[in-house]
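Taken in sequence, the protein lines are chains A and B. Count the first sequence with my numbering and you get residues 1 to 409, in order. Count the second sequence with my numbering and you get residues 1 to 285, in order.
FYI, nobody ran anything at the bench for these hints, they're computed from the structure. Hints should not be assumed to be uniformly reliable.
[To be verified] Selected chain A positions facing chain B (Cβ under 8 Å, derived; list incomplete):
(1) Phe23
(2) Arg183
(3) Val189
(4) Gly306
Here a beta-carbon is modelled for each residue, glycine too, at the ideal position from N, C-alpha and C.
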Amino acid sequence: MKTESIYNQPDADGFFGRYGGSFISETLAQAVEELQQAYLFYRDDPHFVVGFQEELADYVGRPSPVYFARRLSEQTGGARIFLKREDLNHTGAHKINNVIGQAMLAQRMGKRRIIAETGAGQHGVATATICARYGLECVIYMGSEDIRRQSPNVQRMELLGATVVPVESGSRTLKDAMNDAIRDWVTNVDDTFYLIGSVAGMHPYPTMVRDFQTVIGKECLLQMPALFKRLGMAKEHPDVVVACVGGGSNAIGIFHPYIEHEAVRLVGVEAAGLGLETGQHAASIQRGSAGVLHGSRSLVLQDDHGQVQHTHSISAGLDYPGVGPEHAWLHEIGRVEYVGATDDEALHAFHLLSRVEGIIPALEASHAVAHAVKLAATLPKEQVILVNLSGRGDKDMDTVMAQTGRDKR
Amino acid sequence: MSRLQATFKRLQREGRKALIPYATAGYPYADITPALMHVLVEAGADVIELGVPFSDPSADGPTIQAASERALQQGVGMPQVLEQVRQFRQSDTTTPVVLMGYANPIERYDQIRQPGAFAADAAAAGVDGVLVVDYPPEVAGDLSAQLRQHGIDLIFLLAQTSTERRIRQVAERASGYVYCVSIKGVTGAKTLDIDQVKATLARIRQHVRIPVGVGFGIRDAHTARQIAQVADAVVIGSWLIESLEGKPAADALAAASDLIRSVRRQLELDVPEQTSSPKAKNAKP
Numbered sequence: 001m002k003t004e005s006i007y008n009q010p011d012a013d014g015f016f017g018r019y020g021g022s023f024i025s026e027t028l029a030q031a032v033e034e035l036q037q038a039y040l041f042y043r044d045d046p047h048f049v050v051g052f053q054e055e056l057a058d059y060v061g062r063p064s065p066v067y068f069a070r071r072l073s074e075q076t077g078g079a080r081i082f083l084k085r086e087d088l089n090h091t092g093a094h095k096i097n098n099v100i101g102q103a104m105l106a107q108r109m110g111k112r113r114i115i116a117e118t119g120a121g122q123h124g125v126a127t128a129t130i131c132a133r134y135g136l137e138c139v140i141y142m143g144s145e146d147i148r149r150q151s152p153n154v155q156r157m158e159l160l161g162a163t164v165v166p167v168e169s170g171s172r173t174l175k176d177a178m179n180d181a182i183r184d185w186v187t188n189v190d191d192t193f194y195l196i197g198s199v200a201g202m203h204p205y206p207t208m209v210r211d212f213q214t215v216i217g218k219e220c221l222l223q224m225p226a227l228f229k230r231l232g233m234a235k236e237h238p239d240v241v242v243a244c245v246g247g248g249s250n251a252i253g254i255f256h257p258y259i260e261h262e263a264v265r266l267v268g269v270e271a272a273g274l275g276l277e278t279g280q281h282a283a284s285i286q287r288g289s290a291g292v293l294h295g296s297r298s299l300v301l302q303d304d305h306g307q308v309q310h311t312h313s314i315s316a317g318l319d320y321p322g323v324g325p326e327h328a329w330l331h332e333i334g335r336v337e338y339v340g341a342t343d344d345e346a347l348h349a350f351h352l353l354s355r356v357e358g359i360i361p362a363l364e365a366s367h368a369v370a371h372a373v374k375l376a377a378t379l380p381k382e383q384v385i386l387v388n389l390s391g392r393g394d395k396d397m398d399t400v401m402a403q404t405g406r407d408k409r
Numbered sequence: 001m002s003r004l005q006a007t008f009k010r011l012q013r014e015g016r017k018a019l020i021p022y023a024t025a026g027y028p029y030a031d032i033t034p035a036l037m038h039v040l041v042e043a044g045a046d047v048i049e050l051g052v053p054f055s056d057p058s059a060d061g062p063t064i065q066a067a068s069e070r071a072l073q074q075g076v077g078m079p080q081v082l083e084q085v086r087q088f089r090q091s092d093t094t095t096p097v098v099l100m101g102y103a104n105p106i107e108r109y110d111q112i113r114q115p116g117a118f119a120a121d122a123a124a125a126g127v128d129g130v131l132v133v134d135y136p137p138e139v140a141g142d143l144s145a146q147l148r149q150h151g152i153d154l155i156f157l158l159a160q161t162s163t164e165r166r167i168r169q170v171a172e173r174a175s176g177y178v179y180c181v182s183i184k185g186v187t188g189a190k191t192l193d194i195d196q197v198k199a200t201l202a203r204i205r206q207h208v209r210i211p212v213g214v215g216f217g218i219r220d221a222h223t224a225r226q227i228a229q230v231a232d233a234v235v236i237g238s239w240l241i242e243s244l245e246g247k248p249a250a251d252a253l254a255a256a257s258d259l260i261r262s263v264r265r266q267l268e269l270d271v272p273e274q275t276s277s278p279k280a281k282n283a284k285p
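Just chain A, same shape as in the assembly (with noise of 0.2 Å):
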């Protein structure tokens, strides 16, 4: 592929520059191993890579379109947005593409139990539905605190016949479903696979999730320049390519496939929460320094003492305090801008979406949907912003009529 000629990342050792690697107890060291292993022969395996294109066409209904967003571009008075419909995805969600390939994964391995930690319950909902299209056993880990702001995902996931383990410990959030997921694997080696959700964790996982969302940025490369062409704009590219950042997997998968052209400009946008200043935020990135969590060396949210810290922000997909290590090696290289948006601008972007265009975007992306309606202003019409729209807001009617409720009061 061409752009592995020019970037070529990670290392053999799954390392990004500095970042990544696979920092995991003895106890652990031989499955990922074996998941290295049947990672690495599967990928370049023509059934395995056939079979996951007609997964994604027959099952998710990809590929998903872009969508000119008119009447929010014309708001904005400046460039042009448009939005890859990855909300569209069966499961509402992008995270399906990654769920298929690992699932797939995991049967030729021959593993029948699947465990996944949650978030937002998007990986989870996509890996429930995964489990039961293939008949797997499925159990998801999920914050206590998440399971209460995103209780309609819990019920989605219970109906598809998995099993909702609420984690108590920590701050009862993603980060602390992702360690019970761990441990899990740890004591249930033998028939377990791990199917997590982002590009984080130990290797292989940020470079085979990255690679199973790259789907993503490889369909806007041939449906951008058509689009173009069809309203009559002489372009090839957008301009600038825009996606939030929790993980960061759906920003990967629109940015990979973008990286060596090097005049799209690629923006990742964190959660700001109540701004990065206060310390109420999730913006690794742009507030953290290096550590080791979850398996891999990133950017962490951390205290003197090398303590992970409570993170905050309005959407539970973003509330993550580390990021993949390739994102932090992005950062590093200066390939990618990274920003912030906060709660509020969220919450605007998110009512914004759905009166203008009638689309109800996630709390996630409507961080994204904020920063490139604030970006649009600054530029001229003749640019083009494309946005990844990586999820449906329909799980966050609860957050948002309770955010909407309070500044009422």
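Fit chain B to the known structure of chain A by using the hints.
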């Protein structure tokens, strides 16, 4: 000779096995640790593993997670742990102390100060060994070199799932002792399978020439004795920590003493007759 080497040599000479209690530093109270360490030694501990609290202890079960969280709430981090070791060393210069924890507090210690600061400060405090749960041999190179420079042993884990290649890799790099994880699972989990442990130890000893300790899941004195019959050292962690839970300081110290004494008594049943009293080594200098 390092304190760890000297201890294992003495034990071998006496026909004894090492009893290694694990305590989370700063649990149940921030300032109890030096006193607890002395009590453990008086009760018959040969080496002390001191757990460094971490916010995300993904290899630990609920007991050590909770102890870690409690210690963190009381502000106990790496600098406090090193201070506790320093205090302990003021009146015990012979019992080896091993820090057990996760990579991030160590990396952060150097990041805030300077590269190599942890190894230097740990040595100055009187630390003898360091076990980093999430540093497999592949990524432990830098720390290993820094610790060696200060005469500190880097201790590695091996498990029943470890392949022969990995056992060899650890055998090449390990010093002090090797810690064999007795179960598939996290600390304090279900009861272990003694035959499985024997089989794993046999595989480990084909390559590892230094003492091998066994831990994770030893929850009674009888099991401890069975393990001591086949291993060089027995590690008691979650069981000990549970005995401290919810007790005032004096009661917690007494409970720890009783528990370690009961294990020591079981272990002594297998010591050859001619060996002198185990208390001799604990005489105050």
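Hint-by-hint comparison with the structure:
1. Phe23: holds (4 Å)
2. Arg183: holds (5 Å)
3. Val189: Since chain B brings a Cβ to about 6 Å from valine 189 of chain A, closer than 8 Å, the hint holds.
4. Gly306: The hint holds - glycine 306 of chain A has a Cβ within 8 Å of chain B, the shortest such distance being about 3 Å.
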